[in-house]
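Please construct the entire structure, taking both the sequences and the accompanying hints into account.
If you read the sequences in order, they're chains A and B.
In the working numbering, each number is its position in the first sequence, counted from 1, plus 117.
In the working numbering, each number is its position in the second sequence, counted from 1, plus 42.
No lab work stands behind these hints: they were computed from the structure.
One or more hints might be untrue.
Non-contacting residues of chain A with respect to chain B, defined by C-beta distances greater than 12 Å in every case (computed) [what the hints assert, rightly or not]: (1) Gln131; (2) Asn148; (3) Gln195; (4) Val201.
Straight-line distance between alpha carbons at most 30 Å, and here's what the computed BS3-like set of lysine-lysine pairs gives [as the list claims (entries may be wrong)]: (5) B:Lys95 <-> B:Lys53; (6) B:Lys53 <-> A:Lys220; (7) B:Lys112 <-> B:Lys99; (8) B:Lys99 <-> A:Lys220; (9) B:Lys53 <-> B:Lys112; (10) A:Lys220 <-> A:Lys171.
Have a look at the derived ranges for each label pair, beta carbon to beta carbon [unchecked claim]: (11) B:Thr59 <-> A:Gly158: 16 to 26 Å; (12) A:Trp157 <-> B:Thr128: 16 to 26 Å; (13) A:Asn141 <-> B:Arg72: 23 to 33 Å; (14) A:Glu184 <-> B:Thr113: 35 to 45 Å; (15) B:His52 <-> A:Thr183: 40 to 50 Å; (16) A:Ser209 <-> B:Lys99: 14 to 24 Å; (17) A:Thr197 <-> B:Thr68: 23 to 33 Å; (18) A:Ile129 <-> B:Val130: 22 to 32 Å.
Note that CB positions come from ideal geometry on N, CA and C, so glycine has one too.
Single-letter residue listing:
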Amino acid sequence: GIQVEQSPPDLILQEGANSTLRCNFSDSVNNLQWFHQNPWGQLINLFYIPSGTKQNGRLSATTVATERYSLLYISSSQTTDSGVYFCAVENSGGSNYKLTFGKGTLLTVNP
Amino acid sequence: DAGITQSPRHKVTETGTPVTLRCHQTENHRYMYWYRQDPGHGLRLIHYSYGVKDTDKGEVSDGYSVSRSKTEDFLLTLESATSSQTSVYFCAISAMSGTSGPSSYNEQFFGPGTRLTVL
Chain A
118 GIQVEQSPPD LILQEGANST LRCNFSDSVN NLQWFHQNPW GQLINLFYIP SGTKQNGRLS
178 ATTVATERYS LLYISSSQTT DSGVYFCAVE NSGGSNYKLT FGKGTLLTVN P
Chain B
43 DAGITQSPRH KVTETGTPVT LRCHQTENHR YMYWYRQDPG HGLRLIHYSY GVKDTDKGEV
103 SDGYSVSRSK TEDFLLTLES ATSSQTSVYF CAISAMSGTS GPSSYNEQFF GPGTRLTVL
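Below, the structure written as structure tokens:
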């Protein structure tokens, strides 16, 4: 099946810093989503981005489907950005819209 | 909020006992999924449903069964719980455009999770 690799696995920032999280995938995709899992365990949808660039406040994401990667940018980080960020993809060759998740990036933002 | 609830939210049980987790949605979505989350593994698909009484296996289905007798409810059953099934279980729905392929829209939304401990 499709492989999803996220980097870095862990990231520690000072409040106000910027960061870039990366997601590489091994096959073509119909769907790519970024999620934030907050410290309470809730999975929050950040972006639905199978291709192109989107922005939402301090967060933006870019997916280059032809090169099989996606980037999540966090600018002016805040302590509330802490948590785990997951990338998940739906393989174009698959069926029934199943998502395959990466193992996540654990982000810690210190005050 | 995609109108997804899970019950119970927390459960502690003993090895060998049966356990059923419930996922309920209020928006009539056709596709529903059960995932488990374990440290170092991200989320992995257990089973999914593409309609009432239509279900199929995911990548970690051994030891689990599911049922969907009506659109709004998707049940996950552990027939005889084992300690390896201690995990956080998430239900998801797929909000989709109804088409397939590169121009389709299929965004998944997740419930709040159920923390299951098998002693």
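TODO: Of all the hints given earlier, name the ones this structure violates by number, lowest first.
DONE: 2 and 4
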